[in-house]
Each structure stands twice: as structure tokens, then as C-alpha cells.
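Participant: The listed protein sequences correspond, in order, to chains U and Z. In this text, residue positions in the first sequence follow UniProt numbering: the first is 1, and each later residue adds one. In this text, residue positions in the second sequence follow UniProt numbering: the first is 1, and each later residue adds one.
It is possible that part of the hints are untrue.
Note that the list lumps identical chains together, so a pair holds whenever it fits in one copy or between two copies.
Stated by the list, open to error - Mimicking DSSO-like on lysine-lysine, the simulated pairs with C-alpha atoms at most 30 Å apart in a straight line are:
1. K174 with K92
2. K231 with K174
3. K92 with K4
4. K4 with K73
5. K28 with K174
6. K28 with K4
7. K92 with K73
8. K28 with K92
9. K231 with K92
10. K231 with K4
11. K73 with K231
12. K73 with K174
13. K174 with K4
14. K231 with K28
No lab work stands behind these hints, which were simulated from the structure alone.
2 protein chains.
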Amino acid sequence: MSGKLYAISTGPGAADLITVRGARILGKLDVLYAPAGRKGGDSLALSIVREYLGEHTEVRCCHFPMSADSAEKEVVWEEVARALDAEVQAGKQVGFITLGDAMLFSTWVFLLQRLSHPECVEIVPGVTSFAAIAARAQTPLAMEQQSLAVIACTALESDIRQALAQHDSLVLMKVYGRFARIKALLDDAGLLDCALMMAEATLPGEQCWRQLREVSDDQPLPYFSTILVNKQWERV
Amino acid sequence: MSGKLYAISTGPGAADLITVRGARILGKLDVLYAPAGRKGGDSLALSIVREYLGEHTEVRCCHFPMSADSAEKEVVWEEVARALDAEVQAGKQVGFITLGDAMLFSTWVFLLQRLSHPECVEIVPGVTSFAAIAARAQTPLAMEQQSLAVIACTALESDIRQALAQHDSLVLMKVYGRFARIKALLDDAGLLDCALMMAEATLPGEQCWRQLREVSDDQPLPYFSTILVNKQWERV
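Next up, chain U with everything else stripped away, as it sits in the complex (with noise of 0.2 Å):
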């Protein structure tokens, strides 16, 4: 059996949120590659996993880095690259796993960037996490002619207006450490009283704050939270 390299998304959170595919893949595996936050960390993707994984199969975590030092981030992705690639090589059976959707906002694509044979590689696609929240809040995403834009709270604040501006709806990720300012935004352009925000969807610490206009500046928040807004949406 030759070599192969699956990046399988988890999805949001919950175990049971991961397809069908990713499940059965990852009870075949011989070795799983597991990204953790903090050197010698626990890895959240690891812990969603863990039930699916075969008796047999190998676990390395491997830790990248959060530093705004890209030649850091650099060095790591390439050594990470260089030992999925050698695995493959050797004919293995190699599982990487990525929190929600493997090509949305994930580690992975650097590593993608990175190998050297690319046609070795299987992508199994995930429950992102504004699909989740969406069904948690029972809010939808989009209808019909209706646009939606997906942003990073990192953007610029120039380009975070104009999308507020323009699209029906949004999803507003990486919210921590930025709620004062996001929050301001959205009072700026008429918007808080669309929006909603939540943490952790799926997960046991689960939170939903619907009256973002009563939530504090200065509100504690878990480093999973989104906003979504949906500027038509109503009960008939």
C-alpha cells in the first residue's frame, strides 16, 4: 500500500460533528499528527478525536507557534512538511487533523504549501465553526440573493466597515481581545441589534450572548468566539 497524507477536519467541536469519512479514516491511520497551542499543550483536536483513532495508531504533537514572527512560523511549517512528507514516503497511513474546516483560517494550507507531493494528499472538508453557530443560534447565514462575508477581526478596520456595510450577513471570527472595538463598529453602523455572539459552539463551555448592546468592553471572553450578523433575519 503506498503512502498517503489526510488532513481531516474535525469540525466544531462536538466529536460527533466530524463526517463519516474523517471518522473512518482516522481508525485506519498508522500515525496522527496533532497541532497544540502551547508547547507540551493539550491539543483540542486531539481531544475530539481521540474516540475515532485506531488502537494502533502513532500520536505526534507538534506545536506551531502563535509569534508575529513569520520566519519563526516559517521554520516550523517546513520541518512539519519535511516529516509528513518522509512518512508518506515510508509508505504510511498519515492523518493531520485541523479544528473546523481544513482550508478555512488553518494551519494546514502552510503545510499544503509545503509538500512535496501534493497528489498524495487527501482533504476531508468540516463543519465550520459559523455552521455550527448558525444552527446553534438558529440563525442562518444566508437566503437566496442574500451575501455573506466571512472576516477575521485582525482585518483592517476600514475594510471591516465596508463588509459590515455591504453584505446581508457576516461572521465575525477572532473576536477575543477585540470585542470593545468590534462592538463599536457594529453600534457605529446600526448593527448590534442583529448580532449575536458566541463561544465555544458545540462544546460543554458553550455560551450565546444575544444583546451584544448589554455585554461589557470588557466582557471575559474564551479565545473561540464569533459574532454573526444577519441584518433579515425574522420569524413570519
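Using the hints, position chain Z against chain U.
Facilitator: The following block gives chain Z in isolation, referenced to the frame of chain U:
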């Protein structure tokens, strides 16, 4: 046991791209409602989930008119919502399946708007068609500070032009019947060479075009055809 309504996202098309949760719920339903494109026609959503259905699950196909007449559509939404309400009130475990993700461009939200007991509803999110396309094409949706717009090609031309100018990545859905116009807009925006088109991603009829410049304006396309634009993606 009290009645419950599950809106179950099937994912993009391949049966094993449904979530583990969706598959498990399908196995325990009393009744499943499946949307069908044409009256008496087959339901693509039903063909995706058939293998997960319990032996005793009753299947009811419901036809939603594609008509431009919104009064006609509203009558059907109201009828189906009342039927779902009645099943739940009778204590049944009821499913409604929906292609892709239930909260994105789905008829499901028109039913959700009209249900009498949203507290009896659980929405199971799914893999969107565009996440599947990004995975199959090995082309990311967005990285780091980038922004993604998801728009329907039925939107106003001025809105499409604006989105093409402003976002790093774009998903253009509902290309069917509008390819020539969208190709011209992409060309005007200088984006023809960073766009790709996929039809029926993850289904047996999957097709991918990476050189849109060479695709003829009157190329016959399947109904589920989507264009993905990523202005910055390249291998290292």
C-alpha cells in the same frame, strides 16, 4: 418521549461527508421529510442519506416549487411547516434533510421561520459545498487576515463587481445559466487566472475546470456548479 424535529444537513454530496451525529439521528427517526426538486422527482438529499435510515423510518418526499412566484412558494412552506408541527406534537422523532449546510441558501430556513415550536428543533450543521470544493481542488478559502465572500450569481451585477474587488477569496454559487456573464466579470476584474470552477463536487459526476479562460461561454454545466476565487494562493 416528546417529539423533536431534526434539520439534518447532508453535506455536499458524498454519503460519508455527512456528520456522525447526522448519521446516528437518521437511524432513529420515525419519519423523514425529504425535499425533491421536481414533483414526483428523485431527491438528491434522500439518495445521500438512504444508507443511514432506520428500517422503520417512513419517508415523505415534499416538492418545493422553483417558481419565481413567491406567494406560491409561501403556501408550500406554510403547508410543510404545519405538517412538521403536527408530527412533533404527536410525539414523533422527525427529520428534515437538506443539502450542504441547513443554514446556508437552504429552503429549510423558510420552514424554520414558520414553525410553532422552535424549542423542539435541533439543527445538525453540515459540510458546505464550498468547503468540499476547496478540499477537492486543494485551494484554501481564506488564510490569516484574509476575507471570504460567499455570494450567489443571482445577485446584482454591481454587488458582484464590488465583492470581486474587495475580498481576497470568493465563492460564487449558482453559476448555472450565468457562466458567460460571470466569466466576463472575472475577466474585467483581472481574476480569471485565479479562479476555478467545480460541478457536483464529491459526487460521481464531479468536474473541475482550472482554466476558465478556455471554457466556452456556452459550456453546458450541471445545476450544482460553483466558482472559487483565491487571489493569493500559491505553493511555496
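Participant: A separate judgement is required for each hint: does it hold in the structure or not?
Facilitator: Against the structure, the hints:
Taking the closest pair of Cα atoms, K174 and K92 never come within 30 Å of each other, the shortest separation being 35 Å inside a single copy and 40 Å across copies. In this homomeric assembly, K231 and K174 come within 30 Å of each other (Cα to Cα) both inside a single copy, at 21 Å, and across copies, at 22 Å. In this assembly of identical chains, K92 and K4 lie within 30 Å of each other by CA distance solely inside one copy; the values are 6 Å within and 44 Å between copies. For the identical chains of this complex, K4 and K73 are intra-copy neighbours only, at 25 Å inside a copy versus 48 Å across copies, given an alpha-carbon limit of 30 Å.
Proximity of K28 and K174 under a CA criterion of 30 Å is satisfied in neither setting, with 34 Å inside one chain copy and 37 Å between copies. Taking the shortest alpha-carbon separations for K28 and K4, only the intra-copy value of 12 Å comes in at or below 30 Å, while the best inter-copy value is 35 Å. In this assembly of identical chains, the alpha carbons of K92 and K73 lie at most 30 Å apart only when taken from the same copy (26 Å versus 53 Å across copies). For the homomeric pair K28 and K92, the shortest alpha-carbon distance inside one copy (11 Å) is at most 30 Å, but the shortest distance between copies (37 Å) is not.
For a Cα distance limit of 30 Å, the shortest separation of K231 from K92 qualifies neither inside one copy, at 49 Å, nor across copies, at 34 Å. With identical chains, the CA atoms of K231 and K4 are at most 30 Å apart between copies only, with a shortest distance of 29 Å across copies and 44 Å within one. Within a single copy, K73 and K231 get their C-alpha atoms only as close as 38 Å, which misses the 30 Å cut-off; across copies the closest is 22 Å, which meets it. In this assembly of identical chains, the alpha carbons of K73 and K174 lie at most 30 Å apart only when taken from the same copy (19 Å versus 38 Å across copies).
For the homomeric pair K174 and K4, neither the shortest alpha-carbon distance inside one copy (32 Å) nor that between copies (34 Å) is at most 30 Å. Proximity of K231 and K28 under a CA criterion of 30 Å is satisfied in neither setting, with 45 Å inside one chain copy and 36 Å between copies.
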